Amino acid sequence: MQLPLERGPLSAGVIDALSGRADLDGDRLVALVHDLPEHVDPTTDDDFHVALWVAYELHYLGFEDVAESWEWDPELIRVRRELESVFEAELRRRTADQVRRALEADGDVASRLFDLTEAFDGPSLARFIQREATREQFLEFMVHRSIYHLKESDPASWVIPRITGKPKAALVELQYDEYGAGRPDRLHATMFGDALEACGLDREYGGYIDQVPGYTLASNNAMSLLGLNRRLRAAAMGHLGAFEATSSLPCRRFAGAIRRLGLDEKAAEYFDEHVEADAVHEQLALRDICAALVDQEPTLLTDVFFGAAVCLSRDVVTAEQMLSAWQRGESTLRAVDAEAVA
Amino acid sequence: MRSAPQPVPRAPEPVVAGTREIEVTPCPNGPLLVRGADAVRDADGRAHQVTRPVVAVCACDKSQRLPWCDGTHKVIPRK
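As they're listed, the protein sequences go chains A and B.
Per our numbering, the first sequence starts with residue 1, numbered consecutively.
Per our numbering, the second sequence starts with residue 1001, numbered consecutively.
Bound conformation, chain A alone (with noise of 0.2 Å):
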């Protein structure tokens, strides 16, 4: 994968450090992080996103000619760092009262999950998919969604060598599944591959990263902070857990509008069986998992919640984010200079 495209200062100083350009400029990174201006949010930020992404890849497949050792560069995960905690604090103060509410709720931790998954308020994205998506609307979809689902499951596995006992044996189970269940044709991340070229789209890791808004980038910026940081385990399973409990039922209405629009159907199989896995992924992941897990530590009951909220307010964003875009009749991505490409 090449390098992206900056869009700002942030994502500037990360780029053309890595592609050797500049020397990386570790304090005045830090210093512009620290002092964003009032009107930059930090949960969707085009610049901001861009460099934590940036950031971030350097620990799945890196890119293309950038050293490998700058995985661990102490001045860039500062950088990180800095970029992170303001990322955090900020996704802390948006799900406070959702998860404040939780924890007040009466029931188990899988029923105040299930609860939780149905008390964020927010245009039905999935629905509008279905009903009314013109075909140009759904493959802007399948574009958004290809960030993620190239490296589908990637996030949560972080996680594995930091919990034990019964939630892990439940985690490693969900990800042999995700993970094909031993067929690399069926992997998750290579059918949602196969899907892309079936709508005529390019499957390359990471081939949309330029086109694609930062709100979107947050989103899976908010996967790699919670999977990354050990600290955060159990957000990160809260996340997965909610990401898994709103899936089936969503996919099953994507499928449905690829065979209204008349689309390949090789491209619906990957819903059809995110419909059938993700119900059974969704009683694992929060009953096996989060419950479980909340059992060994009950200190981790506020991160379980916190992370599922972090899933659910960032699904928000996206569909009011993508359903305003269209209703203004514009594109939810963004134009791509041919000339700043080459």
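Since the hints were derived computationally from the structure, they do not count as laboratory data.
Please read these numbers as outputs of a predicted model, since none were measured by experiment.
Heads up, a few of these hints could be off.
Stated by the list, open to error - In silico DSS-like links for lysine-lysine, alpha-carbon gap of 27 Å or less:
| no. | chain 1 | residue 1 | chain 2 | residue 2 |
| --- | --- | --- | --- | --- |
| 1 | A | K266 | B | K1062 |
| 2 | B | K1062 | A | K166 |
| 3 | B | K1062 | B | K1074 |
What the hints assert, rightly or not - Label-pair restraints from in silico Cβ distances:
| no. | chain 1 | residue 1 | chain 2 | residue 2 | range |
| --- | --- | --- | --- | --- | --- |
| 4 | B | K1062 | A | R131 | 18 to 24 Å |
| 5 | A | T134 | B | I1022 | 45 to 51 Å |
| 6 | A | A181 | B | T1025 | 18 to 24 Å |
| 7 | B | T1051 | A | D264 | 21 to 27 Å |
| 8 | A | E320 | B | T1051 | 51 to 57 Å |
C-beta atoms are modelled at their ideal positions from N, C-alpha and C, and glycine is treated no differently.
Starting from the structure of chain A, add chain B where the hints point.
Below, chain B alone, put in the same frame as chain A:
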């Protein structure tokens, strides 16, 4: 155990070829999680092959992908 099942589910029948133990875990207001089965027979006697480590078998009888759970139980009002 499940409180208030909708119309009594026709018990799905996990099938195993060898001597493995089959583990069936009912989820409150949800499906049955089945581990260790090779196939699950539906109400008409047709065997559906198990292709994942754990399967969720529909217990509300409202799934559109029987015998598998598809999450439909969540949109049925609980009693």
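Hints versus structure:
no.	hint	result
1	A:K266 - B:K1062	26 Å, holds
2	B:K1062 - A:K166	31 Å, violated
3	B:K1062 - B:K1074	10 Å, holds
4	B:K1062 - A:R131: 18 to 24 Å	21 Å, holds
5	A:T134 - B:I1022: 45 to 51 Å	47 Å, holds
6	A:A181 - B:T1025: 18 to 24 Å	19 Å, holds
7	B:T1051 - A:D264: 21 to 27 Å	22 Å, holds
8	A:E320 - B:T1051: 51 to 57 Å	37 Å, violated
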